[in-house]
Amino acid sequence: DAKTTQPPSMDCAEGRAANLPCNHSTISGNEYVYWYRQIHSQGPQYIIHGLKNNETNEMASLIITEDRKSSTLILPHATLRDTAVYYCIVRVRGTGNQFYFGTGTSLTVIP
Amino acid sequence: DAGITQSPRHKVTETGTPVTLRCHQTENHRYMYWYRQDPGHGLRLIHYSYGVKDTDKGEVSDGYSVSRSKTEDFLLTLESATSSQTSVYFCAISADRLREQYFGPGTRLTVT
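Residue numbers (the working numbering), protein chains in the order written: chain V, 1 to 111; chain S, 1001 to 1112.
For the record, the hints were derived by calculation from the structure and aren't laboratory data. Mixed in with the good hints there might be a few duds.
[To be verified] Estimated spans, in silico, between C-beta atoms of each pair:
id, chain 1, residue 1, chain 2, residue 2, range
1, V, E66, S, T1112, 32 to 42 Å
2, V, E14, S, S1084, 37 to 47 Å
3, V, N23, S, L1098, 16 to 26 Å
4, S, E1027, V, N57, 12 to 22 Å
5, V, T26, S, S1067, 27 to 37 Å
6, S, T1110, V, N53, 26 to 36 Å
7, S, P1105, V, G15, 41 to 51 Å
[As the list claims (entries may be wrong)] Far from chain S by the CB rule (all over 10 Å, computed), these chain V residues:
id, residue
8, T5
9, A13
10, G15
11, A17
12, N19
13, S41
14, M59
15, P111
[As the list claims (entries may be wrong)] Simulated pairs of lysine-lysine, DSS-like, Cα-Cα distance not exceeding 30 Å:
id, chain 1, residue 1, chain 2, residue 2
16, S, K1070, S, K1053
17, S, K1057, V, K3
18, S, K1053, S, K1011
19, V, K52, V, K3
20, V, K52, V, K69
21, V, K69, S, K1057
C-beta atoms are modelled at their ideal positions from N, C-alpha and C, and glycine is treated no differently.
So that you can see chain S by itself, here it is in the shape it has in the complex (with noise of 0.2 Å):
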């Protein structure tokens, strides 16, 4: 298995809150995402990175803003937490930009 861990891996935080999901790789890839999974959707990419400080919006990243500042290491972070933000979040990575990717375990968010 690739070499992705998430963090935390469950929490419930109240509408409003700022929370930080933090995905961790230790395979040295270059690209990084973060998708969410919620019943009836499948998953939907949030935010991507294809390097240190370089990232790009996905299909759903309103409300959602992402920071990589080393290779590792990719952020999402809800500034202000709303209910509809409830769902699983997952980190994948991959080594370029047309190869597979690798997910992480994910991460239950619940807001209440």
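The following block holds chain V by itself, in its conformation from the complex (with noise of 0.2 Å):
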């Protein structure tokens, strides 16, 4: 199973940029690397997914190494409502879709 590894906790100052890192060294060709965040008691929000090539959507972007072993996910200009924990899943193979949630980031942003 491709697990991930995230730091505990970032803070970024309000306005800035804050790049998430996650390492997922034994993921597979065909596995797909999943971003998503929660924010404290709600469910968690789906932000961003990716397989090789870089992606960007309206809420962050995804940088993925050449390699596949890591990834960072992006925020361009964070703003206080992005404090959540995020997590970077990568899919597990075998039966069924099973995504396994790791404890994530608890990104502060700071104003």
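Each of the two chains sits in its own frame; use the hints to bring them together as a complex.
Given below as structure tokens:
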């Protein structure tokens, strides 16, 4: 199973870019990297996902290294509402489509 | 936001009693999931469904059963609740096995 490693916590100044790293050194060739976030007491919110190319949407950008062993989620202009726990997830190979949610990175955006 | 509701949103029950949590979706998605979230463990998959009457076990399925008699509803049952099942339970849906999952608001269950 491809699992992920993230720093437990990070701070970011409001208005600056937040760069959240994730290591997934055992990822398989056809496994996608997904990012979710969870604001206190709410259900997780989907942010973005990718396979090997960089991706961008209205919320964030996802940068995946060429060897696919790590990735970075970028929130270009962090706001106080971006304070949340961010989860980097890789799909687990096998029957069905289990996601492995680790403990994530707690991002605090500071005014 | 994806049309996902969970009921009840909060429940307190006693050890040994049966409990059923309901997840309802209006998106007509094929896949539905039940997760639990506990401090220090992130979210862990309990069971999932890939169609009506088609279900499979997840990472922490012991003590739980599920049923899906129609596309829009996925039920999670604790046959005999234990204190270790005190948790926040999230339902999720996705259109297919490779697509992103959308989560419901959660049910906070306390077993005393």
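The hints, checked one at a time:
1. E66/V to T1112/S: 32 to 42 Å: Since E66/V and T1112/S have Cβ atoms about 53 Å apart, the given range 32 to 42 Å is violated.
2. E14/V to S1084/S: 37 to 47 Å: 40 Å, holds
3. N23/V to L1098/S: 16 to 26 Å: Between N23/V and L1098/S, where Cβ atoms are some 22 Å apart, the hint holds.
4. E1027/S to N57/V: 12 to 22 Å: 19 Å, holds
5. T26/V to S1067/S: 27 to 37 Å: 35 Å, holds
6. T1110/S to N53/V: 26 to 36 Å: Taking Cβ atoms as reference, T1110/S and N53/V lie about 45 Å apart, which means the hint is violated.
7. P1105/S to G15/V: 41 to 51 Å: Distance hint for P1105/S, G15/V is violated at roughly 30 Å.
8. T5: Correct as stated: the minimum Cβ-Cβ distance to chain S is 13 Å, above 10 Å.
9. A13: 27 Å, holds
10. G15: Nearest chain S Cβ is 26 Å from G15/V, so the label holds.
11. A17: Since the minimum Cβ distance to chain S is about 23 Å, A17/V lies beyond 10 Å and the statement holds.
12. N19: 21 Å, holds
13. S41: 7 Å, violated
14. M59: Fine: 12 Å to the nearest Cβ keeps M59/V off the interface.
15. P111: 27 Å, holds
16. K1070/S to K1053/S: 8 Å, holds
17. K1057/S to K3/V: Answer holds: K1057/S to K3/V is near 19 Å, not above 30 Å.
18. K1053/S to K1011/S: 26 Å, holds
19. K52/V to K3/V: Measuring from Cα to Cα gives roughly 17 Å; hence the hint holds.
20. K52/V to K69/V: It holds: about 10 Å lies between the C-alpha atoms, which stays within 30 Å.
21. K69/V to K1057/S: Holds - the C-alpha atoms of K1057/S and K69/V are around 28 Å apart, at most 30 Å.
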